[in-house]
Amino acid sequence: MNFEHCIRCTICVENCPVFKVNPEFPGPKQSGPDAQRFRLDGEKSVDEWIRLCCQCKRCEVACPYGVNPAEIILDAQLKYGKEHYRTLGAHLFANNYYLGRLGSTFSPLVNKMVSVDIIKNIMNVLGISTYMPFPKFHMLSMNKTWRKSGKGQKKVVFFYGCFLNFNRPDIGKQIRELLVSMGLEVVLPHQVCCGLPALGNGDMETARHFAVKNAGILAEYIDKGYDVVYSCTSCGLTLVHDYPGILNVPNGKKIAENCYNVHEYIVKLIDEGYVELLFKSVEKSVAYHIPCHLRAIGIGYPALKLFDRIPGLEYHVLDENCCGLAGSYGFKKKNQETSVMLGKIAAAAIQALKVDAIVADCGACRMQLEALSGIPALDPSQIIHESLQSAKVKTAKKS
Amino acid sequence: MSIRSYDVVVIGGGMSGLMAAIRLSQNGKHVALISKGDPVCCLSTGCIDVYARSDNPMDGIRKLPESHPYHLVGEAQIQKAFENFIDIMFETGLPYFGDIRSNRKILTPLGSAKTTCFVPCTMLHAQTQSNGYMHVVSFQGLKDFYPSYITSRLKNTGFSVFDAGVPTTIGIATRFEDRPFLQNFIAWLKTLEIPDGKIAVPAVLGIDNPMSIIEEIESELDRKAFEIPTLPPSIPGLRLFRALKGVLQAKGGDVYWGKEIASVEKLDHQIEAVTLATSGRPSRVEGRAFILATGSFISGGLFALRGNTVRETVFDLPVYLPGPRDTWFHEDFFTAGHAIEQAGIQVDASFRPRQADIENLFVCGSILAFSEVMKYGCGHGLAIATGDAVADMCTRHIP
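Chains as they are written, first to last, in our numbering: chain A, 349 to 747; chain B, 6 to 404.
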């Protein structure tokens, strides 16, 4: 364990969103490396506050000494989860993939139900917060559409993630169209939840179950020469960071090495001369809210490389605020206050800019910020899709 | 040419790296900044010490040993660098004040005086030389800030304690951003009927908008107010870092945060690219020129192995050492000027490392040999001056 490298400088504490607004949480230094010294193998965890960490990973990005406080905390959260009774809410969120399948199958009914007061009251009793409208489910989810589209020398597997799959298949389809237009064969194989919601709810077993399943499917494609492209930055972080790391699944390293953020991949295609993109003008001013997990992946902010090529697009980069929702974190009643306080800080920073829209790679960030600021939120791929005039694929001549 | 190819790649996100990167962006260069984590700047008082061992910093600099890197910058450029810094900070809404020919003494939480040169607007009235009454305001439970340290040392002072509901600098500063909290604080101050004089508050008056907060307190109470820097987590250091990082991003610089350099690609006498360590595939960043601004031991730019070896951690450059290990330290830790402070990279007149045979690498900040920033009290000052100088050298190298 690298907690011994901590010199107690408190840079992680300066970057912790939860610590900023919730005095109950002792911060990443104390709950990570400091407390780790006292967590003995044979003893039961007693630190309930450990669950207040939202796993945004800002402490890991900030730590200059490579301590990874968030991972130490995640480990403690999983241990706590194993030793204690988990609420029904936690079980539901850990298995949100199955909820998504149910929700999407019976979407007209479910979408109505979650907006009815009595159902809301039941959810509140279960510890589920309802301050924000629940994301709508769609019947025609990604996993029910074409398995394969496009043709080209390069082939990719699209890991679309639960949010695009069940709630915003329209964005998923736009991303698929983008990739196809760039001369790629795009495959949407059967896939399950990345496992992050289960990890975040202290359920290692479910997380590993999902991860092992995905890893098997993805590795098979990678062996056949496919690259994996993800859009959701939290799924992405789980694939590249947790599959070979804390989840330690077979083929984890192979998957980490062959996964690309969708915009990173497009930039790579341009770099390699595979495709030439021509953009038409988009007269828009946007606030680009950087999701915490995009920061944590460590690839910079690749969508900006494409934004720079779009005439008329004015953007402001905001990377100091966590939206506070953090996946299922903010949907839990006990975290609602923290989540809303953080969301309001992030929303105020955006409102001060007087922009037409918010842009964020993460569906949860978009939900939270749109609800709290009243400004529409878009995926960067939507902007790119809207402004792409033509894509000239250049490899055809090569033979 | 790759989209991920830059004119200049700056390695190290502290004061010197940020200042160099901003200066280069001002010169029209396309810049990437890579940082392993947040810099030591975040732990600093946010004040700029140019040379703290004499009343006139410029006089002190003139008398420094010939080997000191300040001499490589030269007086004219030192002045120009600080003028540029003042201009930049003015635009960020966190203006800095000071005179390069005259140091000031500001109040510390111990009631002692700290010598510094440039201070943020919130410490404009923090000078200890004053005859009037001073009222210290502290916060319930705030660690490492005990107003009686100050009132027992200084005559004509008094103190009061406010209950902010949270006991941490970060928590209190976040609450100050909330208008009702600020109004409540001001209303409370008014009830105290403080005698005429100055009001001193630990540095927790907001994170993003300290200037408007302090102005409101001053105008509502009709007297001068100022902040006293605290122990880390230090809000003024955090504000300074965030402001500069924001300037770089607004000028089109790309930041790659939270990852260290995994490998360096070198061809003949040129560095061509560096790759960032990520959990997955290493991420490659190309550049025409490179700047090393990784700081000294505390920031991880230098690393002491057992025995008499010190390694430069990115390019493995030759490191100057003052002698064998038994000569590195004074017996008493608090005696200024431990010999090991001289350790670092020796450079030629154009800030290129000596005996390294690399044409496109420049070095700035406290990793420079003979900088001895603790001994001379010149950390941020040297960073600003050498950052500026190196940016100019770099611009000349790649016209």
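If you're looking for bench data, these hints aren't it; they were derived computationally from the structure. Among the hints, erroneous ones may be present.
Keeping only pairs whose Cα atoms sit at most 25 Å apart, straight-line, the calculated DSS-like set for lysine-lysine is [said to hold, decoys possible]: (1) A:Lys740 / A:Lys496; (2) A:Lys616 / A:Lys484; (3) B:Lys256 / A:Lys702; (4) A:Lys616 / B:Lys68; (5) A:Lys430 / A:Lys628; (6) A:Lys653 / A:Lys740; (7) A:Lys392 / A:Lys430; (8) B:Lys256 / A:Lys628; (9) A:Lys468 / A:Lys628; (10) A:Lys484 / A:Lys681; (11) A:Lys499 / A:Lys484; (12) A:Lys499 / A:Lys572; (13) B:Lys380 / A:Lys616; (14) B:Lys380 / B:Lys68; (15) A:Lys653 / B:Lys256; (16) A:Lys632 / B:Lys256; (17) A:Lys632 / A:Lys521.
Verification of the hints:
| no. | hint | result |
| --- | --- | --- |
| 1 | A:Lys740 / A:Lys496 | holds, 21 Å |
| 2 | A:Lys616 / A:Lys484 | violated, 34 Å |
| 3 | B:Lys256 / A:Lys702 | holds, 19 Å |
| 4 | A:Lys616 / B:Lys68 | violated, 53 Å |
| 5 | A:Lys430 / A:Lys628 | violated, 53 Å |
| 6 | A:Lys653 / A:Lys740 | holds, 18 Å |
| 7 | A:Lys392 / A:Lys430 | holds, 10 Å |
| 8 | B:Lys256 / A:Lys628 | holds, 23 Å |
| 9 | A:Lys468 / A:Lys628 | violated, 45 Å |
| 10 | A:Lys484 / A:Lys681 | holds, 20 Å |
| 11 | A:Lys499 / A:Lys484 | violated, 33 Å |
| 12 | A:Lys499 / A:Lys572 | holds, 15 Å |
| 13 | B:Lys380 / A:Lys616 | violated, 48 Å |
| 14 | B:Lys380 / B:Lys68 | holds, 14 Å |
| 15 | A:Lys653 / B:Lys256 | holds, 14 Å |
| 16 | A:Lys632 / B:Lys256 | holds, 19 Å |
| 17 | A:Lys632 / A:Lys521 | holds, 23 Å |
Taken one by one, the earlier hints fail for this structure at numbers 2, 4, 5, 9, 11, 13, listed in ascending order.
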